[in-house]
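*Asks:* Residues per chain, in single letters:
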Amino acid sequence: MKPAEFYQRDRLRQPPALTPDYKTSVARSPRLAMLSLQGSMSEITGPTFGHSDIDPIDNDLIRNYAKTGDPVGERIIVHGRVLDENGRGVPNTLVEIWQANAGGRYRHKKDTYLAPIDPNFGGCGRTLTDEQGYYYFRTIKPGAYPWRNWVNNWRPAHIHVSVFGTSFSQRLITQMYFEGDPLIAKCPIVNTIPDPRAIEQLIAPLDMNAAVPLDSLAYKFDIVLRGRRSTLFENRLEGN
Amino acid sequence: MVQPLNYLHESAAQTAGPYVHIGLAPGAAGFDIYRNELGRDIAGPDAPGERIRVEGVVIDGTGAAVKDVLLEVWQADAAGIYPHPEDPRFADVAPGFRGWGRVITDFDTGLWSFDTIKPGSVMGRNARRMAPHINVWIVARGINIGLNTRMYFEDEDNATDPVLNLIEQPPRRETLIARKVKPGLYRFDIRLQGDGETVFLDI
Ligand SMILES: [Fe+2]
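Chains as they are written, first to last, in full-length UniProt numbering: chain Y, 1 to 240; chain Z, 1 to 203.
Please keep in mind that the hints were generated in silico from the structure rather than gathered at the bench.
Among these hints, one or two may not hold up.
Result set (BS3-like, lysine-lysine): computed pairs, CA atoms no more than 30 Å apart in a straight line [what the hints assert, rightly or not]: (1) Y:K109 to Z:K118; (2) Z:K180 to Y:K23; (3) Y:K186 to Z:K118; (4) Y:K109 to Y:K23; (5) Y:K109 to Y:K67; (6) Y:K110 to Y:K67; (7) Y:K186 to Y:K141; (8) Y:K110 to Y:K141; (9) Y:K186 to Y:K67; (10) Y:K109 to Y:K186; (11) Y:K23 to Y:K186; (12) Y:K110 to Z:K67.
Please build the complete structure, drawing on both the sequences and the hints.
*Replies:* Structure representation (structure tokens):
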């Protein structure tokens, strides 16, 4: 069996472009229908990465920007697998994350929130999944922060996650939320997702089995990328 | 009842937000952390082909530049080979050619540009050859799920391209064709909404 195209993206579980409660989407959302394409070589291929592209410390946000000591905040491990819709691990794929510090402030020249920058926290990390699709980061739990949408909107604590998969059509950016956060249900960005089950899939449970006693709590976050058909009979993707 | 199918479901996307640079291009966010920022060199120094620059602006529905957008591009080399093991000619891909780039804007103007080599044509489905093109993926604050499109070149023969010909309204095909400003420089503006809205692809 040869792998072929990817399964059609389930747009009923994905946020639509226009979501008026998230105001910025109003002027940035296409209004005409997308053109649906069957996968060609341009869609079923995508960039590949190796261990020469990154450094081992890149997945340790407690140490990768430390200047005078460790950053302030609740020490956590975030770990899980990158899977496809067939339940198979996606090996050797690049996972990149970014987040605010424990006070909810980003190290970005455009962030002006009054909570202070942490001199020992950069707020980004990256790693490659192993042969089974497993990845892990060490970081501090990000704080909630206010943002301009309605006059009193606050983002729930979250970590932004970027994943490649094996093809350009699997490329995905999402956000990981934390079990038990009451701000999740109130967030207009979370609620761009129309299906409550798809929202739950972005909420990482506390994982005491992966916590390190006297050191760090842990949260488990699996990421699912689009699955792929197998060619049972000859198809004409490439043609002859 | 029937047997359950038991497929998993693709994780839902969420906007990349205004601070996407921290994760994907920390130098642009204003700090230095990685030995090597990824996606800054698409073609490498040794790949044969015509060296080109592509520039443009992403424009929102009010006509304003989207200054915090981030693009990624993916393309074949000058011989039309993708640097990916599933390309049947992968073994012959140009030396040092990565084919992938990450493109950030000037935060004041929204103008972006990237340097690469012009891709060759690639075999499409059903043995129909696709005109040279660069695949583009767009994320930003206010974009809930990354937008895919393609950029073609006005000085190539696009008449029989199977993807352009799927676009029902011929004037809309023009939204995917970069203009040649001068030799080696192409302009590709992307309109998210309204007059001249770019054709986006559900790939
Ligand atoms: Fe955020």
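*Asks:* Can you confirm whether the C-alpha distance between Y:K109 and Z:K118 stays at or below 30 Å?
*Replies:* Violated. Y:K109 to Z:K118 sits at ~34 Å, over the 30 Å cutoff.
*Asks:* Would the hint linking Y:K110 and Y:K141 be met if the CA-CA limit is 30 Å?
*Replies:* Holds, at roughly 21 Å.
*Asks:* Tell me if the straight-line CA distance from Y:K186 to Z:K118 falls inside 30 Å.
*Replies:* Since the Cα atoms of Y:K186 and Z:K118 sit roughly 47 Å apart, the hinted pair is violated (cutoff 30 Å).
*Asks:* Does the alpha-carbon distance linking Y:K23 and Y:K186 stay inside the 30 Å limit?
*Replies:* 15 Å, holds
*Asks:* Is Z:K180 within 30 Å of Y:K23, Cα to Cα?
*Replies:* Distance ~36 Å between Z:K180 and Y:K23 Cα, so the pair is violated.
*Asks:* Just to be careful, I want the Cα atoms of Y:K109 and Y:K186 compared with a cutoff of 30 Å; is the pair within it?
*Replies:* 27 Å, holds
*Asks:* Check whether the Cα positions of Y:K186 and Y:K141 lie no farther apart than 30 Å.
*Replies:* 20 Å, holds
*Asks:* Going straight from one Cα to the other, do Y:K109 and Y:K23 come out at no more than 30 Å?
*Replies:* The hint holds at about 22 Å.
*Asks:* Can the restraint linking Y:K110 and Z:K67 be considered satisfied, given a maximum Cα separation of 30 Å?
*Replies:* 11 Å, holds
*Asks:* Given the hint that Y:K186 pairs with Y:K67, test it: the Cα-Cα distance must not exceed 30 Å.
*Replies:* This hinted pair is violated, its Cα atoms lying about 36 Å apart.
*Asks:* Check the hint pairing Y:K110 with Y:K67 against an upper bound of 30 Å on the C-alpha distance.
*Replies:* It holds: about 22 Å lies between the C-alpha atoms, which stays within 30 Å.
*Asks:* Against the 30 Å threshold, does the CA-CA distance of Y:K109 and Y:K67 hold or violate the hint?
*Replies:* 19 Å, holds
Comparing the model with each numbered hint stated earlier shows that hints 1, 2, 3 and 9 do not hold.
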